[in-house]
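The whole structure should be built from the sequences, with the hints applied where relevant.
Residue numbers (the working numbering), protein chains in the order written: chain A, 1 to 240; chain B, 241 to 489.
Calculated from the structure, these hints are not laboratory results.
Note that this is a predicted model, so its numbers are computed, not measured.
Take these hints with a grain of salt, some might be off.
Stated by the list, open to error - Cβ-Cβ distance ranges computed for the label pairs, FRET-style:
#: 1; chain 1: B; residue 1: Leu246; chain 2: A; residue 2: Tyr165; range: 27 to 37 angstroms
#: 2; chain 1: A; residue 1: Gly104; chain 2: B; residue 2: Leu246; range: 16 to 26 angstroms
#: 3; chain 1: B; residue 1: Gly284; chain 2: A; residue 2: Glu199; range: 32 to 42 angstroms
#: 4; chain 1: B; residue 1: Arg304; chain 2: A; residue 2: Gln42; range: 27 to 37 angstroms
#: 5; chain 1: A; residue 1: Gly73; chain 2: B; residue 2: Ala338; range: 33 to 43 angstroms
#: 6; chain 1: A; residue 1: Pro224; chain 2: B; residue 2: Ser294; range: 44 to 54 angstroms
#: 7; chain 1: A; residue 1: Ala125; chain 2: B; residue 2: Leu246; range: 12 to 22 angstroms
Unchecked claim - Below, computed lysine to aspartate or glutamate pairings styled on EDC-like, alpha-carbon distance capped at 20 angstroms:
#: 8; chain 1: B; residue 1: Lys248; chain 2: A; residue 2: Glu68
#: 9; chain 1: A; residue 1: Lys12; chain 2: B; residue 2: Glu300
#: 10; chain 1: B; residue 1: Lys299; chain 2: A; residue 2: Asp126
#: 11; chain 1: A; residue 1: Lys65; chain 2: B; residue 2: Asp414
#: 12; chain 1: B; residue 1: Lys299; chain 2: A; residue 2: Glu72
#: 13; chain 1: A; residue 1: Lys71; chain 2: B; residue 2: Glu300
#: 14; chain 1: B; residue 1: Lys467; chain 2: A; residue 2: Asp126
#: 15; chain 1: A; residue 1: Lys65; chain 2: B; residue 2: Asp408
#: 16; chain 1: A; residue 1: Lys12; chain 2: B; residue 2: Glu429
#: 17; chain 1: B; residue 1: Lys337; chain 2: A; residue 2: Asp77
#: 18; chain 1: A; residue 1: Lys71; chain 2: B; residue 2: Asp296
#: 19; chain 1: B; residue 1: Lys303; chain 2: A; residue 2: Glu68
Said to hold, decoys possible - Stretches of chain A that chain B covers, calculated by requiring three or more beta carbons in the stretch to come under 8 angstroms of a beta carbon on chain B:
#: 20; region: 83 to 89
#: 21; region: 103 to 115
#: 22; region: 150 to 162
#: 23; region: 178 to 190
Positions of the beta carbon are idealized from the N, C-alpha and C atoms, including for glycine.
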Amino acid sequence: MADARFFGDGLKYLNPSDLKGKLIAIEGTDGVGRTTHIEMLQEWLEVQGYGVVITGWTRSNLMSKTIEMAKEGNILDRWSLSLLYATDFADRLEHQIIPALRSGFVVLADRYIYTAFARDYVRSADRTWIRDVFGFSLIPDLVCYLRIDVETLALRVIETTGMNYWESGMDLRLGTDLYDSFKKYQSLLIEEFDKMAMEFRFNVVDARKSPEDIQDELRSHILPVLKNHTPPVNTDTVPL
Amino acid sequence: MTESHLPKSAPHPYPGKLIIVEGIDGSGKSTQLQLLHKWLESKGHKVFFTEWNSSDLVKETTKRGKKSKRLTPTTFSLLHATDFASRLYHHILPPLKAGMIVLADRYMYTAFARDVVRGVAHEWVRKLYAFAIKPDMAFYYNVPIEVAISRLLGGTRGQFKYYEAGMDLNLSPDITESFRLFQTRILAEYAKIVEEFNLLTMDATQDIEMQQEQMRALVEDALRGYKPRRGTYGRRTLFWRRFEIPKSE
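Quick look at the structure:
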């Protein structure tokens, strides 16, 4: 990311110009298969010789325990919830993502700031504040958005992990039970993701396709980004 | 993108009153607020007190982060904002809505001063706190750095703490010198904030009693027209005891 840029008010104490690696974000709602595809991408990239670092939402050393505790208590207001995510993200950005990019790694982000934007928006109907808060984040080189419709998603989640309190947005009291709430909450999230897909030019991948097709599509989006990443191998044959 | 939100300049709509104090460590602001608390209670007001970085949710994390020296200017700032948001939601807004008086030892201006000195963007930290409500009264206890240092070293504290002295900024290996440099920069930020947000500047070098007298006079003036809401629980139990109303009614 030779011309790395901050999303808004950046980190004044940090120069983003020496980041050699690539930052690739995979977005999409809960249960859409992001994590599986990211593991497959890592394998694919490492076989080609790229160093890969995966960074996961709420997985920072500083905050992961705090966020779990907070969620157990179910006592979160909109601001604290979003700020906990922001703190987690900042910790990973400064201690994990930026150092990796500086050393030339490909960083695969399992969810990125757009997840926080969507979640905050459905709770507040305000887009400004949360985007201001995340102003210090780096704009990724590529965002792939795994898009799914809520009917397919509901079936898939029931078949696999089951529905949980937070993925169903039960704090919003949108429905009387987990199932109704899940569908309403996830529809709102998908609606907002769709809007952001236009605004921020995500590469939209249809997540209802077979895993093989999805993986192929993801790779086809990633390849061009990496092309100008590694120095050309056969410089001697470049025509003058 | 929509236009950015900055801290609210309009008064909050709640029947209660929010009074806050600001100032560097050693300015005596906490002492003044405690004395004000006593006085307000003696006048029959129901008063709630809240202080910076004290919510159950975040305190432990901040402590852990500070201990491991893992905090960066940005995570430091965000953790304090999370703590503030949690306290605003749980401790400040409910009593204000109920018409009570809330006293806060430090408010968002602490972040505007400290976090900017630590290196986060001036605009960013203001947008971060756009959800905060404007206090009804905001006192700034202004004190020269040497007075603050001699109070802290001579008083109960004895020694400075790592982050309080801004040791994370590597200003000086000597903790007292680091405190002096760090807090001097904070004083300079406060001087700008006082203008920007119209804080009431108090001379924190005066005697405690004299400062308190001035503070009480100002608060008394500001509370004119404010109707205190007292808890009704005590009165209700008395009422029942006196009249023994039959259960069937």
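Status of the hints after comparison with the structure:
1. Taking the beta carbon of each, B/Leu246 and A/Tyr165 are about 35 angstroms apart, inside 27 to 37 angstroms as hinted.
2. A/Gly104 and B/Leu246 have their C-beta atoms about 39 angstroms apart, which leaves the hinted 16 to 26 angstroms range violated.
3. The hinted range of 32 to 42 angstroms is not satisfied by B/Gly284 and A/Glu199, whose Cβ atoms lie roughly 55 angstroms apart.
4. The hinted window of 27 to 37 angstroms between B/Arg304 and A/Gln42 holds, with their beta carbons roughly 30 angstroms apart.
5. Restraint check, A/Gly73 to B/Ala338: a C-beta distance of roughly 23 angstroms breaks the suggested window 33 to 43 angstroms.
6. Between A/Pro224 and B/Ser294 the beta carbons are some 51 angstroms apart, a value that agrees with the proposed interval 44 to 54 angstroms.
7. Taking 12 to 22 angstroms as the suggested C-beta distance range, the pair A/Ala125 and B/Leu246 conforms, at roughly 19 angstroms.
8. Proposed proximity of B/Lys248 and A/Glu68 is contradicted: the alpha carbons are some 32 angstroms apart, above 20 angstroms.
9. With a C-alpha separation of about 28 angstroms, the suggested pairing of A/Lys12 with B/Glu300 is violated against the 20 angstroms cut-off.
10. For the proposed pair B/Lys299 and A/Asp126, the alpha carbon gap of about 28 angstroms is over 20 angstroms, so the pair is violated.
11. A hinted pair counts as satisfied when its Cα atoms are at most 20 angstroms apart, and A/Lys65 with B/Asp414 does not qualify at roughly 34 angstroms.
12. For the proposed pair B/Lys299 and A/Glu72, the alpha carbon gap of about 17 angstroms is at most 20 angstroms, so the pair holds.
13. Between the alpha carbons of A/Lys71 and B/Glu300 the distance comes to roughly 16 angstroms, so the proposed pair stays at or under 20 angstroms and holds.
14. Under the criterion of a C-alpha separation no larger than 20 angstroms, the hint pairing B/Lys467 with A/Asp126 is inconsistent with the structure, at around 34 angstroms.
15. Annotation: proposed proximity of A/Lys65 to B/Asp408 is violated, straight-line Cα distance about 24 angstroms (limit 20 angstroms).
16. For the given pair, A/Lys12 sits about 17 angstroms from B/Glu429 by alpha-carbon distance, which is consistent with the 20 angstroms threshold.
17. Distance restraint check for B/Lys337 and A/Asp77: the Cα-Cα separation of roughly 17 angstroms lies within the 20 angstroms cut-off, and the hinted pair is therefore satisfied.
18. Using a Cα cut-off of 20 angstroms, the hinted pair A/Lys71 and B/Asp296 holds, with the two alpha carbons roughly 13 angstroms apart.
19. Straight-line distance between C-alpha atoms of B/Lys303 and A/Glu68 comes to about 17 angstroms, which keeps the hinted pair within the 20 angstroms bound.
20. Requiring three or more residues with a Cβ within less than 8 angstroms of a Cβ of chain B, the coverage given for the region 83 to 89 of chain A holds, as 4 such residues are present.
21. Counting residues of the region 103 to 115 of chain A whose CB lies closer than 8 angstroms to any CB of chain B gives 0, which falls below the minimum of 3, so the coverage claim is violated.
22. Only when three residues or more bring their CB closer than 8 angstroms to a CB of chain B does the claim for the region 150 to 162 of chain A stand; here the count is 0, and the claim is violated.
23. Here the region 178 to 190 of chain A counts 0 residues with a CB under 8 angstroms from a CB of chain B, which misses the bar of 3, and the coverage is violated.
Hints 2, 3, 5, 8, 9, 10, 11, 14, 15, 21, 22 and 23 from the list above are not met by this structure, while the remaining hints are.
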